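There are 2 protein chains.
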Amino acid sequence: MGAANGQARAAVVGTGLIGGSVLLRLRDAGLDVAGWDPDPATRRHAAERGVVVPDALEDAVAGRDVVFLCGPLPTLPATLTRVAGVTDDGCVLTDVGSTKADVATAATAQGLGHRFVPGHPMAGADRAGLAAASPTLLDGAAWVLCPAPTGMAAFRRLAALLIDVFHAQVVPMSAPEHDTAAALASHVPHLLAGALAGAVQRAALRDAVLALAAGSFTDGTRVAGGPPARTANMLLGNRERALAELGAVRNVLDELAEALAAGDAGALTARLDEARAARAALGARSYTTHRCEFPAEVEHAGELAYLRELGAAGGHLTGCRVEAGAVAYTAHLPVGPPLG
Amino acid sequence: MGAANGQARAAVVGTGLIGGSVLLRLRDAGLDVAGWDPDPATRRHAAERGVVVPDALEDAVAGRDVVFLCGPLPTLPATLTRVAGVTDDGCVLTDVGSTKADVATAATAQGLGHRFVPGHPMAGADRAGLAAASPTLLDGAAWVLCPAPTGMAAFRRLAALLIDVFHAQVVPMSAPEHDTAAALASHVPHLLAGALAGAVQRAALRDAVLALAAGSFTDGTRVAGGPPARTANMLLGNRERALAELGAVRNVLDELAEALAAGDAGALTARLDEARAARAALGARSYTTHRCEFPAEVEHAGELAYLRELGAAGGHLTGCRVEAGAVAYTAHLPVGPPLG
Chain X
1 MGAANGQARA AVVGTGLIGG SVLLRLRDAG LDVAGWDPDP ATRRHAAERG
51 VVVPDALEDA VAGRDVVFLC GPLPTLPATL TRVAGVTDDG CVLTDVGSTK
101 ADVATAATAQ GLGHRFVPGH PMAGADRAGL AAASPTLLDG AAWVLCPAPT
151 GMAAFRRLAA LLIDVFHAQV VPMSAPEHDT AAALASHVPH LLAGALAGAV
201 QRAALRDAVL ALAAGSFTDG TRVAGGPPAR TANMLLGNRE RALAELGAVR
251 NVLDELAEAL AAGDAGALTA RLDEARAARA ALGARSYTTH RCEFPAEVEH
301 AGELAYLREL GAAGGHLTGC RVEAGAVAYT AHLPVGPPLG
Chain D
1001 MGAANGQARA AVVGTGLIGG SVLLRLRDAG LDVAGWDPDP ATRRHAAERG
1051 VVVPDALEDA VAGRDVVFLC GPLPTLPATL TRVAGVTDDG CVLTDVGSTK
1101 ADVATAATAQ GLGHRFVPGH PMAGADRAGL AAASPTLLDG AAWVLCPAPT
1151 GMAAFRRLAA LLIDVFHAQV VPMSAPEHDT AAALASHVPH LLAGALAGAV
1201 QRAALRDAVL ALAAGSFTDG TRVAGGPPAR TANMLLGNRE RALAELGAVR
1251 NVLDELAEAL AAGDAGALTA RLDEARAARA ALGARSYTTH RCEFPAEVEH
1301 AGELAYLREL GAAGGHLTGC RVEAGAVAYT AHLPVGPPLG
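Line by line, the protein sequences are chains X and D.
Read in order, the letters of the first sequence correspond to residues 1 to 340 in my numbering.
Read in order, the letters of the second sequence correspond to residues 1001 to 1340 in my numbering.
Read the hints as simulated data drawn from the structure, not as lab findings.
Being a predicted model, the structure only gives us computed values, none of them experimental.
Hints may be right or wrong, so weigh each one.
[Unchecked claim] Output of the computed footprint for chain X on chain D, the stretches with three or more beta carbons under 8 Å from beta carbons of chain X:
| id | stretch |
| --- | --- |
| 1 | 1170-1179 |
| 2 | 1207-1218 |
| 3 | 1259-1265 |
Idealized CB from N, CA, C, for every residue including glycine.
Generate the whole structure from the sequences, applying the supplied hints.
So, in structure tokens, the structure goes:
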């Protein structure tokens, strides 16, 4: 990506909510960046917002140092093949899809493991499309990257760019662990919101329920307002893990319902107290900071293991520099035992 | 309550989050108001905030025109008996509990149906206690009141006070219909939030899930941060209806899970679209306004039926005036068919 990120040449393929936000931020950061979208109206809209948008995908990505693939989840494998074919072997490729295992497997099967780094920025909005995109949407976001054994150099370059331009908190994880965590962090919550809002839509007292809607309902159904097809794609892309984690949530729901049915205030309060511990840990996290260095010129197995353990433990990176033959990470780990 | 609400003498028994907020608002509105709480430290705290707080409950409520009972749900029937015994028969009593059928039945059994008006303001906070109370917490809130056949005069007086002082949107409902609607609007969402947060607390990747927590998770678990005992009391107070409505939500969740397991994008999208309709109706309600008058001096069956139908249809009152032998309501009804 050149001597500094300011000189990297980037492209964004698929300029909806996330891709458009990536594009606008890269542009505002002074990078040479081009966008492309299969929809001609979206390309015109992007051009009106002052972005370089060639008519042909190939013209947008050729000669770039990094390409963000931001189209819908089902289109990713085909787009990856197409973009890989017209970019240099040194061009880093990444995506922003909500699940990572399938696309990581597809990339490895295509021999792209050394330059494709699966990614997932944890941000979104109820609205979709370029009209809802903003250069600040991803500012400071937790941004998962999935380093592969053969792709450490690509990981480092991309992590450095995301930290520099987006002030990202880069969360390094294995693709399967990401998908398991994302099931609980995002996919199951979408199913619960859909079930709650769907049941109200069918209720005889629907309008009274909406009139009484307290914060618990308004908050708990917010993501049910998102585009159904986008949510369906996200869920289908992580089907097995979403269903498995939904099973775990159902188990706790069964325990709550049993305690309630039995009128057992003690058991009910104990279950709710357990839930509160997770919520308290979410709101009140503090972190310890450390630095960790590895030799830059060899594929060091310890580096990959270190990164994956950091992410699985809830940690993230805010620094990634290659200097004097070493890569130095600035990392943050959550402190202490679960809050009670 | 005197010729105008400004001259009504009020009392609040139980000065936690809701009761304290009622107390502070009545005081700020210029009413003669006294508070009382069983906890001496809370009484001292209330006195420090400039409120009249006698040591004895009887001294707080004697001679008052209206008394708000704001203690924990399980204490309400006993407090109702005690307060009714030391107030005039013309003193209007109300509560702010999250379920209404049981307390309404208890009041009728005690011969208080003519002056006890079950109430439920739809507002709250994660925090509890007087320290979290605020005179603005209930400003403009939807505030359910449950008029009884023998209690129309008390209902009118209380509705007028709430509209005048709190700018409340008074939602008149029968107590059982309130409890059914509240189950979906509040109680089931608390169960879902508890199940989601509880499952994360038990997850092997707990800290990674919290690191990835997207808006769907943060929003969907917010009320799991509330006091477990308070939430348990709320759920236990509406046990049968909460479990019944949880069953309705589970049915939709089963349909979503089946569509997901089958990889049926069409069915999954259709269910999510149904959910989105309820969410869209929540965000984009518009109302038609009308006035309705009834004779004030007789118990008019049409008045009660009109009010209950208004609330069941998602409507509310923003005006209630008794003048020249008639009661005039200003009412608002949501417009149009379900949004698709």
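Hints and how they fare:
no. : hint      : result
1   : 1170-1179 : holds (count 4)
2   : 1207-1218 : holds (count 12)
3   : 1259-1265 : holds (count 4)
Violation of the numbered hints given earlier is absent; every hint is satisfied by the structure.
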